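With the numbering used here applied, the sequence shown covers 2 to 323.
Errors might be hidden in some of the hints.
Derived DSS-like pairs: lysine-lysine, alpha-carbon spacing no greater than 30 Å straight-line [unchecked claim]:
1) Lys204 - Lys114
2) Lys155 - Lys114
3) Lys212 - Lys249
4) Lys95 - Lys162
5) Lys162 - Lys114
6) Lys95 - Lys155
7) Lys122 - Lys204
8) Lys204 - Lys249
9) Lys212 - Lys223
10) Lys95 - Lys204
11) Lys95 - Lys115
12) Lys95 - Lys249
13) Lys223 - Lys162
14) Lys204 - Lys223
15) Lys142 - Lys115
16) Lys95 - Lys122
17) Lys162 - Lys212
18) Lys155 - Lys122
19) Lys122 - Lys223
20) Lys155 - Lys223
21) Lys249 - Lys122
22) Lys142 - Lys95
23) Lys212 - Lys142
24) Lys212 - Lys95
25) Lys115 - Lys162
26) Lys223 - Lys142
27) Lys142 - Lys122
28) Lys249 - Lys114
These aren't lab readings, by the way, just hints derived from the structure by calculation. Note that this is a predicted model, so its numbers are computed, not measured.
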Amino acid sequence: MHSIDLLTADGQIRHLTPDGDDAELFWCTVGGNGLTGIILRATIEMTHTETAYFLADGDVTRSLDETIAFHSDGSEANYTYSSAWFDAISPPPKLGRAVISRGSLARLDQLPKKLQRNPLKFDAPQYFTMPDVFPTGLANKLTFGAASELWYRKSGTYRGKIQNLTQFYHPLDMVGEWNRAYGRAGFGQYQFVVPTQAVEEFKRIIGDIQKSGHCSFLNVFKLFGPGNQAPLSFPIPGWNVCVDFPIKPGLGQFLSELDRRVLEFGVGSTPPKTHGPRPIPSTPCIRALRSGLRCAARSIPCGSSPPTWRVVWSCCRWCSTP
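Please take these sequences and the hints and turn them into a complete structure.
In structure tokens, the structure reads:
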């Protein structure tokens, strides 16, 4: 991100750059989830690529400990991108087993001859579209447990596999209207990241999710690297998971308890997605907001603790009707 034209709450349009007069406001806008104003224009630097494909390696693990060890062995440095699905439903020792995908953008000479003819073509057809017939409650431990077992068993180890952007980045998008599987009640997405050294408490939280009665099939596991200097940006070095829970009675109370446990270790959150109101450790952002952004500043409490644990809560009540 090289520059931003930002419409702020006082009606002004501010031209922001990383090292300009309003550098604090620039960095609060980066990763700020729209809290500082409306971005009218932005100058961004894209990653150059010769192809629209990835060269991917796949692996599977058998337990949460093995998943953590796999991500800790230093091999992540060999790839540009890494993500994993993990099992949050099966009891130990299967709890936390993972299907891991890692890769980098493929060069032209790495593609088969057929794909070299049009290497930037982006074609990602969907397998099928989910029908709007699923009742609320069908997304449960029985159905999700079976889906988890099937997904794990169909996956395996591979090396140097050519995948298009959707296959590698957004495999869920190969199923149209996939959110209909949750019924009209929808689902709640919960995400948190903990410091690398807090691995034992991290494992306890994963265990408590499995025992909670709130099951999640669509789960993401990542090891975050260093973030940037943006105070409201979410990533910190540590263990990150994202889980999607079907909306049902008791979910809010359970997530409030997760919030409490996570936030005992520090304050740092992304306000638009937290489960409840949480202070933001972003004194520089408050200073920037007060510079003509009084309305926004009054709505954001200011904390002082360093961002050690971060939590995101997003309630996605997606259904088939607009």
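Exercise. Regarding the pair Lys122 and Lys223, is the alpha-carbon distance no greater than 30 Å?
Worked result: Distance of about 29 Å is within 30 Å: holds.
For this session: Measure nothing beyond the straight line between the CA atoms of Lys204 and Lys114; if it is 30 Å or shorter, mark the hint as holding.
Result: violated (46 Å)
Exercise. Does the structure keep Lys204 and Lys249 at a Cα separation of 30 Å or less?
Worked result: Given that 30 Å is the threshold and the Cα spacing comes to 25 Å, the pair holds.
Exercise. Does the alpha-carbon distance linking Lys162 and Lys114 stay inside the 30 Å limit?
Worked result: The given pair, whose Cα atoms are some 15 Å apart, holds under the 30 Å limit.
For this session: Compare the distance between the alpha carbons of Lys142 and Lys95 with 30 Å, and conclude whether the hinted pair is satisfied.
Result: holds (15 Å)
For this session: For the pair we were handed, Lys95 and Lys249, check the Cα-Cα distance against 30 Å.
Result: holds (25 Å)
Exercise. Do the alpha carbons of Lys95 and Lys155 lie within 30 Å of each other, as the hint requires?
Worked result: holds (16 Å)
Problem set entry | 30 Å Cα cutoff - pair Lys212, Lys249 | Given that 30 Å is the threshold and the Cα spacing comes to 16 Å, the pair holds.
Exercise. Can the restraint linking Lys249 and Lys122 be considered satisfied, given a maximum Cα separation of 30 Å?
Worked result: Violated: Lys249 and Lys122 sit about 42 Å apart, past 30 Å.
Problem set entry | 30 Å Cα cutoff - pair Lys155, Lys114 | holds (28 Å)
Exercise. Taking only the CA atoms, is the gap from Lys223 to Lys162 under or equal to 30 Å?
Worked result: holds (21 Å)
Problem set entry | Holds or violated: Lys155 to Lys122, with C-alpha atoms at most 30 Å apart | Judged against 30 Å, a Cα distance of about 28 Å means the pair holds.
Of the numbered hints given earlier, the model fails hints 1, 7, 11, 15, 16, 17, 21, 27 and 28; all others are met.
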